[in-house]
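A.B. asks: Below are the chains, spelled out letter by letter.
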Amino acid sequence: MAIHIVVAIKQVPDTSNVRINPETGTLIREGVPSILNPYEVHALELAVRLKELHGGTVTVLTMGPPAAAEALRECVEQGADRGILISDRKFAAADTLATSYVLATAIQALDAELPVDLLLFGKQAIDGDTAQVGPGVATRMDVPVLSCAIKVERFDPVARTAVIHRRVARGIEVVNVRLPVLLTVEKEIAAVQRAPLANMLRAVNFQPELWSASAPVAFDPAQIGIKGSPTIVGAAHTPSLKKAGERVTANPGAPAEAVAAALAARPHGGGSCLDHHSGGTPGEAEVSPKIIVWGVCRSPYD
Amino acid sequence: MTDNIKPIWVFIEQENGQIHPVSWELLGAAGRLAADLPGGRVEGIIAGHQVAGLAEQAFAYGAQRVIVIDDPVLAHYRNGPYSFGIAIAVKKYGPEIFLVGATTMGRDLASAVDTRVRTGLTADCTELAIDKEKKILAATRPTFGGNLMATILCRTSRPQMATVRPRVLPTPAPKTATAGEIVREALGMREDEVAVKIARLIPAEDEASIEYADIVVAGGRGVGGKAGFGMLQTLADALGGVVGASRPAVDAGWISLAHQVGQTGKTIRPRLYIACGISGAIQHRVGVLGSDFILAINNDPAAPIFSIADFGIVGDLYDIVPELTRQTKLARA
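Line order of the protein sequences matches chains C and F. The C-terminal position of the first sequence is numbered 302 in the working numbering, with every residue numbered one higher than the one before it. The C-terminal position of the second sequence is numbered 333 in the working numbering, with every residue numbered one higher than the one before it.
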């Protein structure tokens with residue numbers, strides 16, 4: 001039975017390369033490569049595998065600037081059938097509430113054309129790290145959401161059920177769920193394989209379908225962009241971290257002795273100097289090694 | 001709801017009758033916010049099955065009132081029924097602010113409640129304050145992988161929602177002999193209306209609990225391999241602590257994700273943090289800043305970790321860590 005899977009993706013700046021202008025506290029965007037959000041690479045891989053098993057269609061959609069077409073192209077290389085770019089200046093400055101409105105509305109339109117069996121999102125986007133959009137879309141569409149999914153144990157489009165593993169605080173929760181369902185996925189959900197040549201060739205000529213704020217879906221102007229976003233960024237600054245304390249350099253010839261000597265050279269007034277910092281948290285009596293105490297006693301707070 | 005009282009809600013997160021301590025951290029924060037917000041009053045909301053007894057614990061941390069939604073459908077956390085019941089209570093009582101722990105459960109729940117209520121939600125905050133002029137919540141959070149701190153304001157809709165990670169805020173001391181009001185609300189959802197059924201739980205193999213450890217000995221890229229983590233474990237055992245790791249060490253497969261400290265791992269605030277061979281990327285440093293005392297060991301004197309260390313040792317961790325272990329054992333003998 002042919003299935004329809006929708007994967008929502010985001011093009012993000014590679015945060016491992018992000019630089020901040022220390023004077024203005026703003027992001028330096030020039031020279032920062034844009035990438036497909038890493039979790040969604042795995043979400044798409046799952047979609048492609050399920051399509052191979054059951055047959056069907058994988059639709060990828062994103063809300064973003066025109067340049068996000070490149071991320072959609074990568075998805076086509078990986079095996080997506082259809083790529084939709086929802087792009088309009090009117091969507092700018094959307095927070096997670098406005099974003100979930102746009103994506104949910106777009107997916108509902110796709111669902112009306114071809115019923116959707118599975119919705120896949122990355123666990124979170126590495127630029128914002130909110131993890132809010134996936135559950136938000138599910139809530140708006142009134143479909144169940146399973147966040148932090150790590151494995152699809154069973155996916156049965158005929159019986160309209162699935163068995164999903166998700167990572168929770170105490171371990172792995174195994175759940176039975178009715179379809180359609182929305183999963184936000186961890187990277188373990190599917191290992192990424194090399195794309196076949198045919199996909200790569202298809203991607204060369206790929207052009208995304210462009211959706212604006214008014215066509216083919218008329219989004220409610222009050223719910224998109226800055227108007228639809230209850231939250232705004234009031235201020236931004238670079239993180240300020242506390243100042244350095246004392247430093248000891250170990251003698252390369254006899255490091256262990258040097259450390260020991262450094263330890264011995266630190267006077268301490270007896271008792272547990274950790275008292276000084278801890279404010280009497282429980283379990284204090286158990287912490288008494290002298291080796292810790294020297295450091296504490298020489299801290300800048302003394 | 002009266003016009004002059006502005007409830008500040010805290011989600012009291014519980015699982016199997018155990019309250020997650022982040023709930024107390026948030027009640028402490030709510031108390032500080034209430035002091036700066038005219039009409040501010042600290043309240044809790046708890047959902048589950050047979051949890052009324054748990055609710056009373058919140059009074060010791062400053063809650064004046066706790067809303068209890070008690071129903072068999074809520075015996076285990078599921079997004080649908082939890083967010084449904086809590087959203088109805090939010091609409092009924094109209095809290096001004098609603099704080100939720102940024103745990104796996106809390107993040108999942110808050111984004112669904114926020115969507116049901118159609119209000120603003122700020123994720124993973126590290127600092128909460130009341131804006132002095134506007135008298136609204138100023139929620140500060142790291143963004144772009146921890147490279148930038150952004151203060152988010154929710155201008156129009158209410159409640160102003162925020163999630164906060166465990167251990168970002170201090171745990172308040174519980175008060176004795178406190179009392180408060182318990183208000184019960186019905187869930188209004190039946191089991192057959194829930195699309196998700198929990199089949200089983202596979203318990204975590206590696207029960208690393210670094211978030212609430214008093215002492216954490218962590219290793220990074222400089223540790224060089226799995227064997228080195230055995231050495232760190234020996235020191236941690238001698239100190240009565242646990243082993244943590246930076247992201248590169250986890251990514252290299254030397255130790256499991258449960259041990260990861262920092263922006264993409266856990267935020268910790270132990271009384272002693274020993275960073276071994278960790279250079280100290282910003283994402284790591286923001287996750288350990290709350291530590292009472294930071295000892296850094298690194299062979300690179302320019303490593304950024306030293307910028308937050310109370311005490312730094314420049315040298316080879318393979319010389320220093322065994323010596324620390326030896327001396328710790330001596331001191332304890």
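Just so you know, the hints here were simulated from the structure itself, not pulled from any lab data. We put the CB at the ideal spot given by N, CA and C, even for glycine. Any given hint might turn out to be false.
Each pair of labels, with its calculated beta carbon distance range [as the list claims (entries may be wrong)]:
| # | chain 1 | residue 1 | chain 2 | residue 2 | range |
| --- | --- | --- | --- | --- | --- |
| 1 | F | ASN4 | C | ALA191 | 41 to 47 Å |
| 2 | F | SER209 | C | PRO65 | 39 to 45 Å |
| 3 | F | ALA302 | C | PRO38 | 49 to 55 Å |
| 4 | F | SER209 | C | ARG160 | 35 to 41 Å |
| 5 | C | PRO38 | F | PRO174 | 39 to 45 Å |
| 6 | F | ILE5 | C | LEU53 | 52 to 58 Å |
| 7 | F | ALA227 | C | PRO66 | 49 to 55 Å |
| 8 | C | ARG160 | F | ALA227 | 48 to 54 Å |
| 9 | C | PRO38 | F | ALA227 | 58 to 64 Å |
A.B. asks: Against this structure, judge whether each hint is valid.
C.D. replies: Evaluated hints:
A hinted range of 41 to 47 Å is violated for the C-beta pair ASN4 (chain F) and ALA191 (chain C), which are about 58 Å apart. Between SER209 (chain F) and PRO65 (chain C) the CB atoms are about 42 Å apart, so this pair conforms to the stated range of 39 to 45 Å. Take ALA302 (chain F) and PRO38 (chain C): their Cβ atoms lie about 29 Å apart, and the range 49 to 55 Å is violated. Evaluation of the 35 to 41 Å hint for SER209 (chain F) and ARG160 (chain C) yields a pass: the beta carbon distance comes to about 39 Å.
Taking 39 to 45 Å as the suggested C-beta distance range, the pair PRO38 (chain C) and PRO174 (chain F) conforms, at roughly 42 Å. One distance hint, 52 to 58 Å for the beta-carbon pair ILE5 (chain F) and LEU53 (chain C), holds here, with the actual separation near 56 Å. At about 50 Å, the beta-carbon gap between ALA227 (chain F) and PRO66 (chain C) stays in the expected band of 49 to 55 Å. At roughly 50 Å, the beta-carbon separation of ARG160 (chain C) and ALA227 (chain F) lies within the given 48 to 54 Å, and the hint holds.
Roughly 29 Å separates the CB atoms of PRO38 (chain C) and ALA227 (chain F), a value that falls outside the hinted 58 to 64 Å.
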